[in-house]
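A.B. asks: Residues per chain are reported as follows:
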Amino acid sequence: MRKPYDGVVLAAPVSVPYVRYSIRSAHWWLARAFSELLKNARLEKQDVDGLTVSSFTLAPDTAIGLTQHLGVSPRWLDHIPLGGASGVVALRRAARAVQAGDAEAVACIAGDTNHVDSFRLTLANFSQFARDAVYPYGAGGPNASFAFLTAYYMRVQGARPEDFGKLCVAQRANALKYPQALFKKPLSLEEYLAARPIAEPLRLFDCVMPCAGAEAFLVLSEEKAKALGLPFARLLGTIERHNAFSADPVQMRAGWALEREALYAQAGCGPQDMDFVQTYDDYPVISLMQLEDLGFCEKGEGAAFVRRHGFTWDADFPLNTCGGQLSAGQAGAAGGFLGLVEAIRQLTGRAPGWQVKDAKLGLVSGFGMINYDRGLGSGAAILGS
Amino acid sequence: MTLKKKNPVLRTRLPTLPPAARSRVALGLTAAAALGRFELQQCRDCGSVQYPPREACQHCLSIRLAWKPQSGEGELLASTVLHHSNDLFFRERLPWRLGLIKLASGPTVVAHLHGAVPAAPAAVRVAARLDRAGQAVLVAHPDKETCDMAEDRQLREFTCDPKSRKVLVTDGKTGVGQALVKALAATGSELIWVGHAEPWKKLAGFDDLKGIPQVTLVPLDLTDSKNVREVAAEIGGKVDILINNAEYHRAFGIANRHGVETARAEMDINYFGLLRLAQEFGPAMRSRGADGMASAVAWVNLLSIYALANYPPHGTFSASKAAAQSLAQCLRAEMRPAGVRVVNVFPGPIDDEWNQLVLPPKIAPAALAGAIVKALREGVEDVYPGDVAQEWLERWRDNPKALERESAS
Chain C
1 MRKPYDGVVL
11 AAPVSVPYVR
21 YSIRSAHWWL
31 ARAFSELLKN
41 ARLEKQDVDG
51 LTVSSFTLAP
61 DTAIGLTQHL
71 GVSPRWLDHI
81 PLGGASGVVA
91 LRRAARAVQA
101 GDAEAVACIA
111 GDTNHVDSFR
121 LTLANFSQFA
131 RDAVYPYGAG
141 GPNASFAFLT
151 AYYMRVQGAR
161 PEDFGKLCVA
171 QRANALKYPQ
181 ALFKKPLSLE
191 EYLAARPIAE
201 PLRLFDCVMP
211 CAGAEAFLVL
221 SEEKAKALGL
231 PFARLLGTIE
241 RHNAFSADPV
251 QMRAGWALER
261 EALYAQAGCG
271 PQDMDFVQTY
281 DDYPVISLMQ
291 LEDLGFCEKG
301 EGAAFVRRHG
311 FTWDADFPLN
321 TCGGQLSAGQ
331 AGAAGGFLGL
341 VEAIRQLTGR
351 APGWQVKDAK
361 LGLVSGFGMI
371 NYDRGLGSGA
381 AILGS
Chain X
386 MTLKKKNPVL
396 RTRLPTLPPA
406 ARSRVALGLT
416 AAAALGRFEL
426 QQCRDCGSVQ
436 YPPREACQHC
446 LSIRLAWKPQ
456 SGEGELLAST
466 VLHHSNDLFF
476 RERLPWRLGL
486 IKLASGPTVV
496 AHLHGAVPAA
506 PAAVRVAARL
516 DRAGQAVLVA
526 HPDKETCDMA
536 EDRQLREFTC
546 DPKSRKVLVT
556 DGKTGVGQAL
566 VKALAATGSE
576 LIWVGHAEPW
586 KKLAGFDDLK
596 GIPQVTLVPL
606 DLTDSKNVRE
616 VAAEIGGKVD
626 ILINNAEYHR
636 AFGIANRHGV
646 ETARAEMDIN
656 YFGLLRLAQE
666 FGPAMRSRGA
676 DGMASAVAWV
686 NLLSIYALAN
696 YPPHGTFSAS
706 KAAAQSLAQC
716 LRAEMRPAGV
726 RVVNVFPGPI
736 DDEWNQLVLP
746 PKIAPAALAG
756 AIVKALREGV
766 EDVYPGDVAQ
776 EWLERWRDNP
786 KALERESAS
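Note that the protein sequences, when read in sequence, are chains C and X. Sequential numbering of the first sequence, starting at 1, is according to my numbering. Sequential numbering of the second sequence, starting at 386, is according to my numbering.
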């Protein structure tokens with residue numbers, strides 16, 4: 001039996017406003033996130049004794065170099081380069097450090113810059129397998145990889161473009177309420193379907209837009225949060241699982257399917273109890289995969305599930321309530337933090353205008369690192385108010 | 386396929402290459418593809434086949450990995466058509482079709498997808514080919530051959546098909562030269578320049594070439610720098626494929642002959658002739674590496690299997706071919722940035738007058754010409770045509786020192 005996460009809370013949700021392109025470095029974005037987090041928590045930097053850092057564009061530096069850059073001296077430090085799974089994994093590492101007393105307050109920060117050519121450079125050197133066996137094939141980046149998964153999902157599960165479109169349209173409606181979303185133009189299903197193809201069957205609005213930005217949150221004990229007077233969300237359960245189902249010829253499921261029973265058992269609740277869900281939404285097909293693997297519907301029922309529900313912040317199944325990456329933008333590794341930061345906002349009543357009514361329980365899922373033909377990392381966390 | 390005539394008003398595009406970076410272990414795929422083979426890593430301990438290439442077996446963690454030939458049979462699971470690319474080479478060639486394929490041997494692979502492969506699910510045959518950067522890529526073909534398969538727009542980016550291209554054969558007088566011209570004409574080359582030196586020397590069959598409609602005779606003497614420069618000035622900017630088959634071949638090694646004149650004459654054509662050609666034709670061909678569907682694509686060198694290890698009965702000839710092979714490697718490095726492939730051909734003894742005393746088997750000129758055309762059509766980089774060449778290659782790979790001892794006796 002895994003040890004529960006009793007007494008661990010998340011506070012001080014920070015989203016540094018995204019921009020499409022930035023001439024700053026990742027350090028600038030991470031510094032902004034850290035400084036906003038301190039301001040938000042009314043702490044001095046020496047009060048934060050633990051730090052996790054996630055970034056694609058920080059090279060040649062890692063977390064250790066950033067300590068000197070920011071002039072901090074943490075007694076606990078971790079570099080978590082797991083892309084879209086970084087948020088959940090950073091939370092898990094930080095939570096155990098806090099429980100063990102290795103650190104009292106851990107700042108989990110993620111940020112990336114986006115120069116005009118940095119996305120291309122990131123793709124070309126993303127991994128050894130990507131460089132050897134994906135990038136030379138048209139250099140389409142993740143669009144091509146997820147086009148395969150989407151095409152296969154459509155063929156085998158009977159999903160239609162309208163099903164993916166419904167998620168994109170709902171998330172755009174959410175983004176219109178979230179002040180920091182990059183996409184501020186309403187999107188209709190007709191516009192979604194008429195958009196230009198990028199990597200068939202993916203259309204323009206199926207693909208996240210790379211941008212610069214940063215996200216952060218603070219992990220600490222409930223007593224400390226109360227002593228500081230910080231609104232917080234509780235960590236009720238969390239899992240991670242990597243490179244699961246590696247023998248599947250195409251990715252139609254990931255680590256959540258193996259770990260979800262442990263997740264819900266640890267949290268003491270089930271999928272039906274969630275007031276909102278934040279999936280990792282680099283492409284809508286991945287949201288459907290998560291909803292299936294995390295037990296919101298049966299495997300293969302994702303499309304039917306989409307047809308039955310509404311997904312705006314005020315609908316019956318609030319999903320990616322600040323617009324998700326599809327409408328807020330994908331700020332590199334910060335994309336793996338967006339769902340957690342938004343969940344803290346929702347559970348602490350800090351989502352004015354897009355607040356899910358009576359939000360007490362929420363599920364956040366992370367997915368990261370298309371090393372070759374599929375995403376390797378998966379994780380999830382259940383937070384409560 | 387009909388190729389449009391070049392519009393002289395439009396700028397000739399500069400050559401771009403597909404992404405060329407590979408890990409060292411992945412170059413095992415390239416080593417096999419250069420010979421026209423599709424090989425993947427197979428574990429010597431547990432037998433599992435894996436891809437992408439790794440440093441250890443993903444099943445049993447053994448490091449005893451060998452590259453083994455693959456049938457390439459597989460099933461297309463999903464396909465996509467890219468309308469956007471982050472790379473210049475592909476941006477200029479969009480839309481581009483890709484497939485995700487489950488190989489019968491186990492792994493799932495990403496591959497360039499031939500236009501004739503139907504929608505998923507579909508049976509395909511995966512092969513490894515060299516792309517314009519000279520690196521191996523996987524290409525999925527329909528499981529059954531179709532007649533116009535070679536003319537697929539994407540496939541033509543990987544091959545050097547002489548069809549509809551303009552070819553220079555540097556020596557049309559030899560048996561191999563004549564066979565080459567006929568083979569090229571038969572595959573539909575648009576224009577064939579046929580070099581010939583020493584006009585006073587009449588050789589049987591040469592005059593027949595004049596009757597082939599695509600043929601234009603060009604006086605070309607590889608020992609004459611000025612002549613090579615003039616010919617290059619005239620046609621160098623139009624040659625898509627250059628086949629340097631000119632060679633000077635005399636028997637004997639060191640002790641059976643006095644003086645260096647014969648060896649010098651061998652070097653003058655076999656080595657310096659290549660150098661002269663490369664200096665004069667290389668720059669023009671490099672600049673035309675992306676010149677539409679009929680761009681400059683290949684440079685073929687007729688070397689000899691004895692370039693690998695000296696054959697003492699033809700010792701100085703072997704040495705000149707070894708020099709040429711080394712120079713061809715230099716040429717390959719210099720042509721690669723333009724996407725022009727340097728194809729080295731290593732035949733065993735050719736069935737001609739200079740190998741009169743060599744015991745059979747010997748490779749017939751027509752068979753050698755066929756092997757060269759096939760190599761171009763398949764985009765292969767190193768060719769060892771004929772039984773003698775294959776055997777010599779195998780012995781050389783197995784134990785070069787043993788081959789040295791064996792060929793001395």
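Hints were generated in silico from the structure; no laboratory data involved. All residues carry an ideal CB built from backbone N, CA and C; glycine is no exception. Be aware that a few hints might be false.
Some chain C residues flagged as far from chain X (calculated, every beta-carbon gap over 10 Å) [as the list claims (entries may be wrong)]: (1) Ala124; (2) Gln128; (3) Arg131; (4) Asp132; (5) Gly138; (6) Ala139; (7) Ala151; (8) Glu162; (9) Lys184; (10) Gln272; (11) Gly310; (12) Tyr372; (13) Asp373; (14) Gly384.
Derived contacts from chain C toward chain X, CB cut-off under 7 Å, selection only [said to hold, decoys possible]: (15) Ala195; (16) Ala244; (17) Phe245; (18) Val250.
A.B. asks: Does the structure break any of the earlier hints, and which numbers would those be?
C.D. replies: 1, 2, 3, 4, 5, 6, 7, 12, 13, 15, 16, 17
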